[in-house]
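> Sequence:
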Amino acid sequence: MFEVLIIEDEIPYARALLKSLQKTGISVTIAENAKKGIEKAQTGSFDVILLDNRLPDIHGLKIVGRLCALQPGASILMMTAFAAIEDAVEAMRQGAEDYIIKSTHLSDIVDKVLEIRQRNEKRKLFRDTTRWSAETLLGECPKIKIVKKQIEEVAISHDTTVLLTGESGTGKEVAARSLHILSGKPKETFVPVDCLSLPQGLAESHLFGHEKGSFTGADKTHIGFFESAGNGTVFLDEIGDIDMQMQGKLLRTLETRTFNRLGSTNQIMLHARVILATNRNLPEMVEKGLFREDLYHRISVFPIHLPPLRERGDDILLLAHHFLNFFSAKLGKKVTEIDDIASQLLLKYDYPGNVRELKNIIERAVILAKGDKIVEELLPDRVLSTLNRSPFTDLTKKLGIEFVPGIDTIESVEKKMILKALEASGGVKSVAAEMLGISRFQLLRRLEKYGDINSEIEPNSKK
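With this note's numbering, letter number 35 in the sequence shown gets 35, and the count goes up by one each step, no holes.
Hints may be right or wrong, so weigh each one.
Said to hold, decoys possible - Below, computed lysine-lysine pairings styled on DSSO-like, alpha-carbon distance capped at 30 Å: (1) K145 x K348; (2) K249 x K288; (3) K359 x K373; (4) K370 x K429.
Hint data in this document are derived by calculation from the structure and do not stem from the laboratory.
Sequences and hints are given; from them, build the entire structure.
Below is the structure:
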């Protein structure tokens, strides 16, 4: 139940407000002065507090901070019969959400409370829903928290066009699906459209539909993506790859919220939300004349940038364990852990393919796993190579190896480095590997690769 506390000394006004709010299914509690209002806040739990500015015992402004501390999740609306800018600024500085004028028309206050209730419901859905995949939005790093907050904020405004930007694989479609669900219409249709895959010359037909006989081969009426989305969401991915002609048609549709099927003049209302995404630099494309400036400004009303995985720190392991659990269950395996060395390798890798690449890496590792852990041997070479990124010259100098350009090859120097490291470590391969900046497994691979090196290793080093 949505709970409202009214702290108001004018009892007739408070009761009238109570009745108006109760008609909308809201539970209301009244306190006729500041002292009783604080007592109610100490014992109850409220979503909204309507606080009169001029109370008989204490000025309303003086208890805003106390109410914020007692009810940190509540929205405090300061009510006054007098418009005072200074009081409004001070109330919001202390934590009030808004400052509203009391009038004989209660509808303005009721509408504001209903707006907060709708917003809170969407936020609760954002926190509680398990219906949408959290592959990319799962995470606690500052950048992904910003993305989550932006999605939560714009979800309420159904008609606002959203532009998702970011490298390939960062999870733009996951973000779009999240936004679709949080828009309050999770049961409505979500229509993903890969603009790159639209057949050349038929993009208009696919997006807007066509009438029977509108062109050669149009033997029946076709419903386009915009129309089939109904009251749901159309997600236009790779929007930077549509041609200039389609850019113009899309601009008109977004501006007028109408479109017509190819071969028809009948206007059809666009009821769906439109979300667009790209991995390209649209401002640069605008400068080069490859993307319409007016369309860019129209679609970038609310831009959200998805950060690359390499900038998300410990989220990498959080996501890795998420995928580990998913694929273990899917494949019927009991792989439950990622060992320390494999974890460090995963953290050091750059992920040019972002979350999508991490997902594929973990899926492969789970398939190959024989035990209950993902170990370094199960990771692809490109990930293993992250341990071998020490500067080459620094490492050769450290081991006392001279490299003669034009005479020595990389392979010959690598052999010398392995021999020196084994010699310096007393033949302990794990220590030698650490000196070389690689894993023990990688060292064993190299020893296997250079089979002739074994004859040069001292007998006490072969262990």
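> Which numbered hints does this structure break?
none
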